[in-house]
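Sequences are here, hints too, so could you generate the full structure?
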Amino acid sequence: QLTSSSFLRIGQLSNVDLNEDIRELEMELPRQRPNEIPHNEKLLSLKYESLDYDNSENQLFLEEERRINHTAFRTVEIKRWVICAMIGILTGLVACFIDIVVENLAGLKYRVVKDNIDKFTEKGGLSFSLLLWATLNASVVMVGSMIVAFIEPVAAGSGIPQIKCYLNGVKIPHVVRLKTLVIKVCGVILSVVGGLAVGKEGPMIHSGSVIAAGISQGRSTSLKRDFKIFEYFRRDTEKRDFVSAGAAAGVSAAFGAPVGGVLFSLEEGASFWNQFLTWRIFFASMISTFTLNSVLSVYHGNAWDLSSPGLINFGRFDNEKMGYTIQEIPIFIFMGVVGGILGALFNALNYWLTMFRIRYIHRPCLQVVEAMLVAAVTATVGFVMIYCSRDCQPIQGSTVTYPLQLFCADGEYNSMAAAFFNTPEKSVVSLFHDPPGSYNPMTLGMFTLMYFFLACWTYGLTVSAGVFIPSLLIGAAWGRLFGISLSYLTKSSIWADPGKYALMGAAAQLGGIVRMTLSLTVIMMEATGNVTYGFPIMLVLMTAKIVGDYFVEGLYDMHIQLQSVPFLHWEAPVTSHSLTAREVMSTPVTCLRRIERVGTVVDILSDTSSNHNGFPVVESNPDTTQVAGLRGLILRSQLIVLLKHKVFVERANLNLVQRRLKLKDFRDAYPRFPPIQSIHVSQDERECMIDLSEFMNPSPYTVPQEASLPRVFKLFRALGLRHLVVVDNRNEVVGMVTRKDLARYRLGKEGLEELSLAQT
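Heads up: the sequence shown begins at 3 in my numbering, then just goes up one per residue.
Don't read these hints as lab results, they were simulated from the structure. Worth double-checking, as some hints may not be accurate.
[To be verified] Derived BS3-like pairs: lysine-lysine, alpha-carbon spacing no greater than 27 Å straight-line: (1) Lys-173 <-> Lys-226; (2) Lys-716 <-> Lys-742; (3) Lys-664 <-> Lys-226.
Only a predicted model underlies this, so the values are computations on that prediction, with no experimental measurement involved.
Right under this line is the structure:
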């Protein structure tokens, strides 16, 4: 668990002095578990490691690559395509499963509550209906929250921040495990059925990524099954490329937007990109949309009509009645500004709420109670709003799924219920497409206000749920309201259709909250099936992003920052040219000699105070004339495999060693390398020597200590490195740059600020 005394003060220039606070806290600590966890956003957590995106080009690797001839490379390429197709198919099937189960369970719940309300409207005692609705919601959400809080906490939220970090090169524990996928899918079904203000679209991206990571390895470590296929892809480089394909497949299954999926992967996720990768990712996205489409068409009983490409379908917007004129462009831009301001407000509120949650609601049981409270409050608010609303609309010709009559005349329904008494996806579609006059302005205003706060309170709960649909719903409601008030003001018919304003409002609100530009424009265009709106949607999203960024950063970036993840942005901070590698690097560096005593290696690896993962290898001649120059770099995981297989020099001389280690031995141990504690080394073996020459990477990337921070950053970020060795002019190792040393510098309000590193 998190304790406050485990802050380590690391980094020579630390501007947050934690020592005084720690002394006071240590006095109180032994008595009870802390009720408050001191959390500071100016910290970087040390519990996150980097992925080894850069291949270690040791002798084994080079020998294997030289053995592979041209045809073998062709089969590897074919395997990549096969994996992408499988990713697409499985992601589509998971999306179908979620959709069908949610539809049936939510339908059942709403039917039960509707019958109950209809029964009690006649004879009084509606408070019982409210109780029934709130209890149903809270109990469903309780299950959904318990599996997340107690079994797999990483499945909470939409999972987009976690995948973003993974694609950036940060190893978030458990993020692409099978268990996470199962909990995620069950959790999202339960939270949507439980009537929370959430969508099932965000988690699809996480699910797609888990599927991709699992398939590309050709085995499941959770189920202890190895299928002996795809062994070539068992390393971070390949896995990470497939995960970006999985994320894209997730987006395209959720919105029916294959191009949007590729662009999402490019914009939000992948740090590394090339043409072949783009083409493969697009293939995976297309397959995923097609699978979802065909399965759902069969399920709805019209097998040849491929009409539901995504989980959310905004329906078609007709060009004839929905065109726009040049005069409306300034209005759209103004809507973008409103969306940016509202989005910034949403993010700021959610920021304070998340800080409060990290500090006080950190026990699983408290998290479950909070989720149940939110579910009950959501049902209560919805019920009270429907109860107090006097906005009646004729049922004739309307498309409401569960029309609630309540106090309306026969043949009419309550239009507040069309918004609240439904799954959020259906509400969005009805706000886009219901004919003018279906909603009273008062209804829309109240709905926007209440739903804004509910959605803000819900994001960051310990349930798996996305923020896409609630944002669209809030935006569609105020956009429609905006359209209605425009037609009131101008009395003209050109503004008559509030549907297009609902669409622009939805885009503005979502853009203001998550700050995506390119991919969101394309997703909205593909989901509405209308290219004419491309330009206004782009304008709205750009405005919303510019305005929102003036106040706070986007929701996902904010949550990454709150979890203290060492995330590397596209560029180094602008004012960092004054810093050089000498000031940034970590010293002193633990080096190994090329032929080292086994005991020394074991002691270095077992030393808990420095859990380094990369060790520079230097020349082992003790001769004074020769400089101990850098010879290579070896990783902790490689050393552990060497110790496990007992590859010692003495054994080789005695011909004891059964066989040379192959690359396969390293791949079989990936990704969960055994900890050093589990490897037994006897006293005699400690005296042996170990030769690292053929296992180390003989050509690690190095920089001179005079290199400026932006230059170091560019090299590190573009090549996806994990370790960058800093050398002096005699090629002696003087320091090491890792992800944390670079992520520590951030542009704050007063200019360049440096975060301190801490064990959280």
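For this session: Could you tell me which of the numbered hints above are not met by this structure, giving the numbers in increasing order?
Result: none
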